[in-house]
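Can you build the whole structure from these sequences, using the hints too?
Chains as they are written, first to last, in the numbering used here: chain W, 1 to 393; chain R, 1001 to 1292.
FYI, nobody ran anything at the bench for these hints, they're computed from the structure. Glycine included, every Cβ here is placed at the ideal spot set by N, Cα and C. Hints may be right or wrong, so weigh each one.
[Stated by the list, open to error] Beta-carbon label-pair distances, calculated as ranges: (1) 353(W) <-> 1117(R): 43 to 49 Å; (2) 303(W) <-> 1195(R): 33 to 39 Å; (3) 332(W) <-> 1274(R): 57 to 63 Å; (4) 303(W) <-> 1163(R): 43 to 49 Å; (5) 1191(R) <-> 87(W): 17 to 23 Å.
[Unchecked claim] These stretches of chain W come out as covered by chain R in the derived footprint (C-beta under 8 Å, 3 or more residues): (6) 204-215; (7) 251-257.
One letter stands for each residue in the lines below.
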Amino acid sequence: MNGTTRRRLLLATGGAVLTAPAIAQSGGELKIGGIGSLSGGGTAWGLALQRGVTLLVDEINAQGGLKVGSRTHRLRFVMLDDQYTAAGGRTAAERLINLEKVHFVIGPIGSPAVLGAISATTPAKVICLHQGFASAILKNDAGAPYNFRIICSTVEFGPAMVDWLHTNLPQVKKVALVAPNDATGQFVVPTLASAYKAKGMGTWTEMFDRGLQEFTPLLTRMMAQGVDLLDLNSNSPGDSVLLVKQARQIGFRGTIWQVGGPAVEEIRVNAGPLAEGFMSWEVFDFTSPAGQAFATAYRARWPGIVNAHAPVWYNAAEMLFEAIRRAGTASDTDQVRAALEGLDGYETKLFGRVAWGGMANYGVRHQLALPFWIAEIKGGEAGIRTMIRPAVP
Amino acid sequence: MLTPAIIGQILVNGASLSAIYVLIALGFTLLFGIMRVVNFAHGAFAMLGGYALYYLYGSLGLPYVLAVPAAAGIVAAAGLALEVLVFRWFYNRLMPGMIGSLGVNLALVFSAVLIWDVYERSIPPAFVDIVRLGGVLLPLDRLVVTGIAAFVLLLFWLLMTRTRQGLAMRAAAQDVEIAEAQGIDTIRIYRLAFFIAVFMAALAGGLYAQTYSLSPFMGERPLLVAFIVVILGGMGSIPGAALGGIILGFVESILSTLYGAATSSFVSFGAVILLLVLRPWGLLGTPDTMRA
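See below:
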């Protein structure tokens, strides 16, 4: 990270979110819980969460802490592994609530883990900012009072991507949807199948148990169906890499893309030349000035791949801290929730102005309306093909 | 649906899967066959083999033919320290051995997390070409793994049946006291068997990590596969490990292609449960091994 970029990022944080005057009273430590997959195929996503939030927490602490009312809190981020499972999500949430005494949880990612986590956070009135795509997470009897989805789900970006595909690749007539047989896959596959069918495309679906690594028999079966396109949808980065490699190795020549994920960098690096032509939903544009500054700050701490979810989690944490600051309390979650819901139009550093939606689909305005991009690997490099701002009624 | 090309692809996939499964199971069955240790750290040794190959081939750029055995050799040599510190105390003690090796597994996996982080890595492929035979596609890297598996299996069989060390291992496996009375240095023989078993696990792990992906948790699947293959073939039986690997590989390939992955898992595990009920010593095992 060069000096100018670092200064800009730090100044932006200090200016927009918090400033800690020297005379502010110390409010002690404020713990923020984190839940994500730190083992197994979803590890890249868990690390993205951990590192995205850690970047912001460290920036704020370097500025003196988070100013809430007359007090300034030093932030501490406590991250636990959910092993990408519902049980893991629930256990991690209970531990954060009962042992660490947190009032705010960032994560998890993936419907099973989120469903597990919110079963503990909702009764405890703990605010949970997550990436669980199953509709039931927001649309439920409790009205999702304390949980917020901080990225568009398949309901929002799926039809928009299929629409783009239909316009730009009209030769695609039949699509294969290969997905994990869990809450994520069971929700995502019918949603996408409906979107493809609405555009006149046929679908073939296959579900597999998580942990499978040898996909060649499944992909041979897929090729026998005469599909033109393989959609990796909700597969984890690890599984997506294997699916791309093995599909190409057994001679699949159709388009491979992912209406979900994303794991563009992981696929580009780990599948090598076999990743050529791969397209994907992308949640952040690293080629923008803000994106480049973020990537530089990230790489100064952690070498290697920057998963695109890292800036999304950074953005969620920024919104949470702004809500805590506006609410003037770090313990009354009802007040913080109201402040969070009132962040429409707030100018974030990485995504610009943000807005909530979701009333039409879920009956609650807890769905963050972020734009998305379609990325493509060409000549061994990942680039952005287009940006789409989906409707989030 | 079943065109000749698809049938050919099913057979190629089956052969390739079988090769990986046989490689994974050999070290596991050897340790049980000779020392009666159910090695829960087998997957962890495979994982270490993956990291060793990652550095020797992926980072240092050693020629592939050298890097593969060298990576396995380094892990096996380092594993001898664990033989002295841990495994030696559990030979011929089935239950304590399981718990001890489970502890070793956890220690190795989470040491790897601390050293290498949990991120998945990729070992660069040594062969990227795809051979086309009629309508059937054969990825060259899979062909190489199949060749290595066949070669290693042959070496293994020769070692066990045609060398004095192999004879000594079999004698120690049958009756350790009588073997010692005949002048066999069982401590040395056990150490040799342990070295070979870890070498095999690390060799399989290197090839497995290159075929799929590398992470501290990558050993879970190979351990599961080793269990299924060895239970199918018979605990401690080397021909059984080969047979079990071939059966599992082809069954998975055929059923997954024709009926889907869920059916394949259901039938594979169902067959293992059935076998455990009807013939718990496996297809080529003997009832003696179960009593032991």
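Can you name, in rising order, the numbers of the hints this structure does not satisfy?
-> Numbers 1, 5, 7 - these are the hints that the structure violates, sorted from lowest upward.
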